[in-house]
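**Q** Each chain, written out:
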Amino acid sequence: MSLEKLKPWFPWFTLLVLIVLVGLVNPAFFNPAGMVSLVADIVPLFIMALGMTFAIYIGGIDLSMQQVANLVTVMATVYLAQFGIFVAVICVAAGFGIGALSGWITTRQFVPSFVATLAMGFIALSGARFLSGERALSMNTAAREASFGWMFGNTAGVPHELVIAGVLLALAWFLQTRTTFGRALKAVGSGELAAVASGLKVDRIKILAFALSGTFAAIAGLMFSVKLSGGDANLANGFLILAIVAVLVGGTPLTGGVGGVMNTLVGTLIVVVIRSAMVYLEVDATMQQMIFGIILIAAIAMTIDRSKMRIVK
Amino acid sequence: MENIFLGFEKQFVRWGVIDWKAMAEAAKRQLAKVKLDIDPAMVTSKLSFAQRQLVELAKVLTLEERIDGDLVILLDEPTSVLAREEVELLFQLMRELTSRASFIFVSHRMDEVLELSDRVYVMKDGEVVDVVAHDEAQIDAIQHKMVGRDVDKEYYREQKQKPYDPSRILVRLDRVSAAGKYSGMSFDLHAGEVLCLVGTEGSGREAILRTIFGLERPTAGSVEVKGQPYGRANAQEAVARGVGYVPRERKVEGIVNGMNVYENMTLSQMGNYATAGVLRIGQEKALAEEWVERLSIKTPDVYKDCGGLSGGNQQKVVLAKWRSGGSDIILLDHPTRGLDIGAKEDVYDMVRELSDAGAGIVLVADTLEEAIGLSHTILVMKDGEFQKRFDGSPGDKPSLYDLVHHMI
Numbered sequence: 001m002s003l004e005k006l007k008p009w010f011p012w013f014t015l016l017v018l019i020v021l022v023g024l025v026n027p028a029f030f031n032p033a034g035m036v037s038l039v040a041d042i043v044p045l046f047i048m049a050l051g052m053t054f055a056i057y058i059g060g061i062d063l064s065m066q067q068v069a070n071l072v073t074v075m076a077t078v079y080l081a082q083f084g085i086f087v088a089v090i091c092v093a094a095g096f097g098i099g100a101l102s103g104w105i106t107t108r109q110f111v112p113s114f115v116a117t118l119a120m121g122f123i124a125l126s127g128a129r130f131l132s133g134e135r136a137l138s139m140n141t142a143a144r145e146a147s148f149g150w151m152f153g154n155t156a157g158v159p160h161e162l163v164i165a166g167v168l169l170a171l172a173w174f175l176q177t178r179t180t181f182g183r184a185l186k187a188v189g190s191g192e193l194a195a196v197a198s199g200l201k202v203d204r205i206k207i208l209a210f211a212l213s214g215t216f217a218a219i220a221g222l223m224f225s226v227k228l229s230g231g232d233a234n235l236a237n238g239f240l241i242l243a244i245v246a247v248l249v250g251g252t253p254l255t256g257g258v259g260g261v262m263n264t265l266v267g268t269l270i271v272v273v274i275r276s277a278m279v280y281l282e283v284d285a286t287m288q289q290m291i292f293g294i295i296l297i298a299a300i301a302m303t304i305d306r307s308k309m310r311i312v313k
Numbered sequence: 001m002e003n004i005f006l007g008f009e010k011q012f013v014r015w016g017v018i019d020w021k022a023m024a025e026a027a028k029r030q031l032a033k034v035k036l037d038i039d040p041a042m043v044t045s046k047l048s049f050a051q052r053q054l055v056e057l058a059k060v061l062t063l064e065e066r067i068d069g070d071l072v073i074l075l076d077e078p079t080s081v082l083a084r085e086e087v088e089l090l091f092q093l094m095r096e097l098t099s100r101a102s103f104i105f106v107s108h109r110m111d112e113v114l115e116l117s118d119r120v121y122v123m124k125d126g127e128v129v130d131v132v133a134h135d136e137a138q139i140d141a142i143q144h145k146m147v148g149r150d151v152d153k154e155y156y157r158e159q160k161q162k163p164y165d166p167s168r169i170l171v172r173l174d175r176v177s178a179a180g181k182y183s184g185m186s187f188d189l190h191a192g193e194v195l196c197l198v199g200t201e202g203s204g205r206e207a208i209l210r211t212i213f214g215l216e217r218p219t220a221g222s223v224e225v226k227g228q229p230y231g232r233a234n235a236q237e238a239v240a241r242g243v244g245y246v247p248r249e250r251k252v253e254g255i256v257n258g259m260n261v262y263e264n265m266t267l268s269q270m271g272n273y274a275t276a277g278v279l280r281i282g283q284e285k286a287l288a289e290e291w292v293e294r295l296s297i298k299t300p301d302v303y304k305d306c307g308g309l310s311g312g313n314q315q316k317v318v319l320a321k322w323r324s325g326g327s328d329i330i331l332l333d334h335p336t337r338g339l340d341i342g343a344k345e346d347v348y349d350m351v352r353e354l355s356d357a358g359a360g361i362v363l364v365a366d367t368l369e370e371a372i373g374l375s376h377t378i379l380v381m382k383d384g385e386f387q388k389r390f391d392g393s394p395g396d397k398p399s400l401y402d403l404v405h406h407m408i
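Protein chains in written order, with full-length UniProt numbering: chain A, 1 to 313; chain B, 1 to 408.
Chain B with its partners taken away, still in its complex shape (with noise of 0.2 Å):
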């Protein structure tokens, strides 16, 4: 009840006291509207997500009596973690409210967008694509809309695709599940190869590349790297085995802010930088150099800040730093995010010499096309669970309308 009268709590206050008694039965009756049978003095964090979510839904529901005139009342995916016969619940309420209130209303589930709806604005990247009423509204138009334009395949470097090692197994998820995140999800990563988690946010997909680095322990099943079960999962464990990762939060956990070049380059390699502990600073410049003259990463020199680089040219860093590493195993989430076209070309390049070197692959992607453009293996996943495996030899990939329909 304190949640749902939360900034609100004058309407209770006598003598500058809050009537708990008067505001509990308020919130009972706000409650009642979402038909949730709880005791309004709950603690909301004993109570299930689903019930949270209701329990917000009550509060935006005082709006109701507290504001005279139309409502406008937004909605972020208020359904991802709802039961069926709440979705409904709620669809009801919505129905019942739309007499004085307007709803703007996110999703990434279909059917509901379209039973709820009445006109439907489809968005990529950014922009509106498409307006429909509710009556015109097709499924497959829709998903069409969102998927956009043809791919160019040159740019995603598809010709130089080369079929990966299916002999030596990188990787090996044997039915492992986060709770919360995702569950029961298994594949093999091979040398070679570049394998794509494609879903929606959320979709449990961050996750696990945080399982197979070590930051995320799993709940249930075996991450078997390189044939080693890990034990006791952490990231050390990961480096020591080759395993690399470049975060999707590039400033915050790809690069040091506030460290150069050599010294970002060096951060997870530097005991073969050092004896007894002291720094061989001569050689993390020596390497650094090199890198920069083969990515040809543009700094004036290798004692600039990172932080003062360009987004590509800070990737390139963090790529880099694996590479110079000799790390095998490459986690890649979102790794062309936020950069302009050359520089994406250049992470395309980087990922196709990669893969050519033996190196497996484990993107998430930042469009669909570029999932499908670079990967031999695409697993599409919906609410933290595996749906379907797409094969993407050169020449013969699946369509964006083929992993759209399984994402959502």
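Excised from the complex, chain A in its bound form (with noise of 0.2 Å):
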């Protein structure tokens, strides 16, 4: 085997030897009900970094995704005593809407994605706290249960958080292996031009993947919501970086056209290792962000294909 076919695997004997290493140093960490606690608890960042994981697949990036998270926590929580379930189409909508006009903005207006979704980013930032008026809000019990109860709870031992991942992890892998339009996120992402040169339509392609990021980022704010009943324009910061470290550790590099959303799981699931070992060694959660910083420099520098980037800016 060469070093060239091995490549591919590497995150999964990343993911290997750090669970051997936190495992050898705190042998409690292999108590399975303590295992699936640990990954259902992480299962909004996951669904985070599957949406993330197509922005970065084009090769673009959604910074946007934390504050489309942020905001769809308040939407929901303000609006759920008044439509019920139905709430869930609503936030998906503005995550969808908010992604579709990031992708209109970075190909119709050429303005690079991350300047683009940064910006929106703030867009949305400044709708959560309009809506929320810079309070932490608090779901009606009744109406949670009600509409979301069935998202948490377990049916024979399994988490439902844990079966939801599963089934948009499910649905992301058949949409990028499977569908025309995966096909044609490769093809943008590996090889634009030759897409261009191809009669592909690059642009729809382009502002769909951000749509699809930002439906994700709703979902994910959905759930976490529901999870804390509660919505606040500050809930789930912090969730971006682990996302992007997410995406990018997992072997999806910033230049787009390989690795995929099943990356991404290996990836999740490796800055989950990583953060429960910080907490297990007792590194202070003011040190955590710095160290997830560090791992994705670390991260993008190993991973990037430098034959593709001539000027890096």
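Check the hints yourself; a few may be wrong.
Stated by the list, open to error - Think about it this way: if two alpha-carbon atoms lie no more than 30 Å apart in a straight line, the pair counts; the simulated DSS-like pairs of lysine-lysine are: (1) B/K59 x B/K382; (2) B/K10 x B/K28; (3) B/K304 x A/K201; (4) B/K181 x B/K160; (5) B/K124 x B/K382; (6) B/K160 x B/K59; (7) B/K181 x A/K201; (8) B/K162 x A/K7; (9) B/K46 x B/K10; (10) A/K7 x B/K382; (11) B/K304 x B/K124; (12) A/K7 x B/K285; (13) B/K21 x B/K35; (14) A/K201 x B/K382; (15) B/K226 x A/K7; (16) B/K162 x B/K226; (17) A/K201 x B/K226; (18) A/K201 x B/K285.
No lab work stands behind these hints: they were computed from the structure. It should be emphasised that the depicted structure is a prediction, and the values quoted were computed from it without experimental measurement.
Using the hints, put the two standalone chains together into the complex.
**A** Rendered as structure tokens:
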């Protein structure tokens, strides 16, 4: 086996090594119940990372996801009593719309996606602040139980969050590997000029990719808000960097075209293991962000395809 | 002025601050050398192309003062955007400077070369084929040298060339222009015809291909494909009407590096292999296997990343993409660039097969021999304008010299 062939498996090895290391230091880590709850805990993060995968897969990035999720926590909390379960539709539509708008700004106004989505993120943040009146809101407990009670709980020992995550992963994976849209995403990510010269509607594909990342951000926000039974313009803060780290550590480089949603699954698990290790080793909470910042830089430096990048600004 | 002194601002720096006035003064002196009377503070993007060229020249001429001793100045097609008088001015400056500077001058305009140079190196296919002194240089002789050897008729499958069907027009260009690229191009492409655009680099040939494929919007004139004019032309519409494009940058625009053989082959026609957006991957693979067999594409299997195939096999994948999708107007931009001889011959065979099958082909060839050998019709272009049309039925082909004569 050549190194080239081993490369796609690299994230899996990393995950395995990390688990073994953490397990050696802290044997309690292998407790199945603890593991399940650990994983179930990060489902909203995983969903956000799934969405981020689409943006990064085409060679862009979506920095608005955290703020979209914030906005959605507020929207869900405010409108739950009024619309019941249909608040989900409103939330998802908002995420789709914001993402599509970012995509439109990127492709039609030629604003690089990191700026376009950063700006859209601030717009979403303003929306969240306005809607919440800058207060932390709580959900109506009865309405929450009636509409979204099914999201949490266990069936035969499997937390429902995990089922939701599994379904979304399967959907995203199907989209990526089995549909014309997924194929087009890959073509745009690995060879946009060739995609243009093959007559693909590249702009539309990119806009849809950002709309998808927005949609996933909204779903993540909705779950988070139901889980914490409330909404706040700062609720999802700290998710963005973890989502980006998860995607990149999983093996989808910033240049796009390779990797995909399965890699993001691995990447998210790596993030979880690192985080739980830090908790066990009593790393100060303020240090954790710094460590993920360092991991992010290292992951980009290691995965980037330098032959594709001539100029970096 | 910032352009002229870019990287050499030090001479104007006092206490770490640039003395803009002094720089403007100096810039004015440099601009006066090229007889350009503009405000040194003007941003160059507001200047005309010719003026920009003169600014570049003024920048080069700062060498005069900055460096003692002999200079070597390289000029790559410096006259292509200049008007007659400006060219004269440039030449005059060059002659004045020859006392202390040597020039290497690259041009496609023969008259300029002869007027200016002491020695002419004639190059062809990356090799120097002749060196002539100024006094012995003759346009005819040099052009013959550039052309080189006689053509082997077999090589270009000339015996397989069949007349095209003049009653079926596939593409019609009517006085089409694209600003800065080419102007006033009109021609018809017929079923079964191989039409070749010939000219030097930058004569606008590639831009015409991109116009037909909808990637370059014309600024004037109309493009009709199969009797229907393009509305807001785009590549999707072109593909839908059966236009296929084999770009020059094979690795960047031709194939998607990182996608495998069948993914590349169906990229332009995914709709044919999908139900409600869900791909029928089994059918894609079957198609790819069929074409790998038909064009004898050398690949271990259809899962192989196209970026890892050899140039010739990549080109075959690109051609298979369009042919399997039923495209009958094929635009070939340097289809044999960088291929070895065997792979080139495969491409020639494919061109013949395609034209037999009634497809219309617009070709921008890698060499003139190729252009003559393959085409029914040759249109010679120079500096974005149509020069002359040649008919090339087998046995009655124009000579290389005929073409070169109109190209430069």
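**Q** Between A/K201 and B/K285, does the CA-CA distance stay at or below 30 Å?
**A** Judged against 30 Å, a Cα distance of about 23 Å means the pair holds.
**Q** Between B/K160 and B/K59, does the CA-CA distance stay at or below 30 Å?
**A** violated, 55 Å
**Q** Verify the proposed pairing of A/K201 with B/K382, using a straight-line Cα cut of 30 Å.
**A** With a Cα-Cα distance of about 34 Å, the restraint between A/K201 and B/K382 is violated, given a limit of 30 Å.
**Q** Tell me if the straight-line CA distance from A/K7 to B/K382 falls inside 30 Å.
**A** Violated, at about 50 Å.
**Q** Assess, step by step, whether the Cα of B/K59 is no farther than 30 Å from the Cα of B/K382, and give holds or violated.
**A** Since the Cα atoms of B/K59 and B/K382 sit roughly 29 Å apart, the hinted pair holds (cutoff 30 Å).
**Q** When you check the alpha-carbon spacing of B/K46 and B/K10, does it fall within 30 Å?
**A** holds, 26 Å
**Q** When you check the alpha-carbon spacing of B/K162 and B/K226, does it fall within 30 Å?
**A** holds, 22 Å
**Q** Take a quick look at whether B/K124 and B/K382 sit within 30 Å of each other, Cα to Cα.
**A** holds, 19 Å
**Q** Does B/K124 lie within 30 Å of B/K304 when you go C-alpha to C-alpha?
**A** Distance of about 36 Å is beyond 30 Å: violated.
**Q** Sort out whether A/K7 lies within 30 Å of B/K226, counting only the CA atoms.
**A** violated, 49 Å
**Q** Taking only the CA atoms, is the gap from A/K7 to B/K285 under or equal to 30 Å?
**A** Within the cut-off at roughly 25 Å; holds.
**Q** Regarding the pair B/K181 and B/K160, is the alpha-carbon distance no greater than 30 Å?
**A** Violated - the C-alpha atoms of B/K160 and B/K181 are around 34 Å apart, more than 30 Å.
Of the numbered hints stated above, those contradicted by the structure are hints 4, 6, 8, 10, 11, 14 and 15, listed in ascending order.
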